[in-house]
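Given the structure of chain E, go ahead and fit chain R onto it with the hints provided.
2 protein chains.
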Amino acid sequence: MNEKNATLETTIEALVEGKKYAVLREILNTLQPADIAILFEDLDNSILPLLFRLLPKELAAATFVEMGADEQELLIKGFSDAELKEVVDELYVDDAVDIVEEMPSNVVKRILAQSAPDVRKMINEILKYPEDSAGSIMTTEFVELKEHMTCEDAIKRIRRTGVDKETIYTCYVTDPNRKLIGCLTLKDILLADEDSIIGDLMETDIISVTTTDDQEKVANVLSKYDLNAVPVVDTEHRLVGIVTFDDALDVIEEEATEDIEKMAAITPSDKPYLRMSILELWKARIPWLLILMVSATFTGYIISSFETALARWVALTAFIPMLMDTGGNSGSQASVTVIRSLSIGDIEFKDFFKVVFKEFRVAILCAVTLGVVNFFKIRIIDVMLLGNTAVTVPVTFVVCFTLAATVICAKVVGCMLPLVANKLGLDPAVMASPLLTTVVDAISLLIYFQVATAFLGI
Amino acid sequence: MNEKNATLETTIEALVEGKKYAVLREILNTLQPADIAILFEDLDNSILPLLFRLLPKELAAATFVEMGADEQELLIKGFSDAELKEVVDELYVDDAVDIVEEMPSNVVKRILAQSAPDVRKMINEILKYPEDSAGSIMTTEFVELKEHMTCEDAIKRIRRTGVDKETIYTCYVTDPNRKLIGCLTLKDILLADEDSIIGDLMETDIISVTTTDDQEKVANVLSKYDLNAVPVVDTEHRLVGIVTFDDALDVIEEEATEDIEKMAAITPSDKPYLRMSILELWKARIPWLLILMVSATFTGYIISSFETALARWVALTAFIPMLMDTGGNSGSQASVTVIRSLSIGDIEFKDFFKVVFKEFRVAILCAVTLGVVNFFKIRIIDVMLLGNTAVTVPVTFVVCFTLAATVICAKVVGCMLPLVANKLGLDPAVMASPLLTTVVDAISLLIYFQVATAFLGI
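Going line by line, the protein sequences match chains E and R.
Numbering-wise, the numbering used here puts 327 at position 327 of the first sequence, and it's gapless, one number per residue.
Numbering-wise, the numbering used here puts 305 at position 305 of the second sequence, and it's gapless, one number per residue.
Worth flagging that the hints you see were computed from the coordinates, not collected in a lab.
From a predicted model like this one, the values you see are computed outputs, not experimental measurements.
Any given hint could turn out to be false.
What the hints assert, rightly or not - Simulated coverage check for chain E against chain R, where a stretch passes if three residues somewhere in it have a Cβ under 8 Å from a Cβ of chain R:
#, region
1, 16–25
2, 76–87
3, 130–141
4, 245–252
5, 319–329
6, 417–429
Each residue gets a CB set at the ideal place from its N, CA and C atoms; glycine is no exception.
Next comes chain E alone, as it looks inside the complex (with noise of 0.2 Å):
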């Protein structure tokens, strides 16, 4: 794919430059809009206002739905009034909405004066509810039905309406004060006679979310139930919109991302990593650093106070590192799990003790693994195969018993603090996976100190 990206590339801008407009616009006219969309953002940006006017209406439209704020902006900017009015008459609200929050706001007001009333009202309305619930990413074009239509009324109204809905497959059935009393497929429409009642057809247990619900929940809820729309209510339940299969997809991955980014102390950004500056990447990444950093200060003060011991068994120094990773790779192994678990919902606050026990008994059978193989390799590679003398029976079985419990405490703390952070509203994936390190390695090395101190008597 993007090796045909790269010479169609070439070929335009040749195109351009030749102004061979009517085969620029044939070649445009064969791609998808999401692949136009790709395309612009590898071309110069001086051709973009141009190639994007040889595009036809509908085909225009979509493509802009799908580009990058920054190349919308510049669009935007060149366009004269009418330009901008063809292009968001083509747009669903929902669409329009995206747009609208990432623009400045002169723009913004440019593009609110050229929309329709009742679509300036809808947009309007939409950008009232917080960012990231189901209201901001709900659509407020839909079809709607009364109970005492028949199959062939639904059908004509469809035919009459639908061109402007972003769904018709689902329909829903509202009653004389727009509550929602049920919904229906198009699938169940058209299999039915001409003459059966909406009302009869349609199902009663409706699914829905409320306005205000996070758009992780809409997500989850459209993927757990394999629905290609949900409605959305308000307090009242009065429908008032609905979010569509593939908003559903894009909040999906968007999710993922930001808890990977989370997990890996990145401050998680909507921005598509190429698209980054250098300075909001360093933005985004430094605070963690900062922190997880200073925070080393402590694993630094336990070792300064154990110098002396230090400087006597310089052998012990030796295997920090291993110990510190071990324990750290054995706690995130156990906070990355349950904080995913978490947020694709498969687990709970109240599966808390189970999930600790758990972890506690997969802890305890890595941490023998874990211990006996090390002393087989201490004794094998370090001694025999490196030489390294200093390293004495009783200081190996130091190494491996403080990894044992190492990796022990790791697993108990690692899948804790995930469950503990979600209990008390605190985001799982920030809480737990970068400070788990810190924890984990300062429990490490007291773990380490103290077992020293008992067993080689300093």
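Positioned in the frame of chain E, the structure of chain R alone reads:
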């Protein structure tokens, strides 16, 4: 939701005991298949067959699909052949395949024996495709139209055959050799004139995948182009199946979980956490812990080589954890960002130099910030507040300089490893994240001791 399940559970168990089957049927009837499946997991296994038999046929089949493999097996073993046939008849082919893949071979034989001959053929067909390929997750039940049909014909055909199709919302047009020549949505058909010809309405630039494409690619295509379903073709471009958005949702969630697990040095598993046995968890976690533990021999060896120097400058030891952790965190920020960007398709190997140059500049910014802050942190916290006077100004310089150099190396290595792994056809998440710590540890220690030797003359 879960609080509700908890009480519902006890109610149901009480009703079973009291033999109130009519009431039970009413209750189950109000629930969604996915919720019944969750409920069944929490209930005692002995009452499952009874409860399952209370479900109406369609709900029973839908619930069966949502259940875990253990419960499915339990039920199948208790089914009479007639009961098994009833459930199998209601399943979509792709769901049947999913179930068959999880079952022991004697159960598979019984399922196939009870399937209608055409269904059995389809199941066998799909089972031939490699795991995680488009062929293995597709369904063979789709709406197929011919070019010459009118919209009226098409709707009639959909009405007649639609009930068995997984989706009727995207229709595929094939030529007499079953080659895919076009596709269009039900919306296109319904909103067009009744006499319009399908061949004129259909889209001929078709986005399709082939049977051997990876499921992650299929999900990305569905998500990128916001498709309801994507057609799967064989090497001769004959239409053999479709993959619908609900499967893509599952794949995206599954692949994200897999990436996260690999980054945390865990062998990925399809099973939800709470269903994995202690031994399975141990098996998923111990290999990387062992590999990483043994590879830490390397860092231990570096420290041992500088034992004499460390014995003289014991203050240096206290900073080893901070240097290794900050290096590790910096590196994993870069590697995780690159791994995730690779997997969602934001970057590719051709961006190698762009990425490395970007990371290099971010690294310099981070290195300078961390170095400067650390200098003041050591002078103020460690020396003045904690009174650790062994940390002289030259030692502080050595630590801060090493820190900066480590951060730069860590970020550059961190972004290069996954890209190289990807190019070599290895899994970036496995090759990059768990291994990175060991590499960065060794780098930071080598820099540390070299710098110390040069500056402190040891």
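Hints the structure violates: just list their numbers, smallest first. Hints 1, 2, 3 and 6 contradicted; others consistent.
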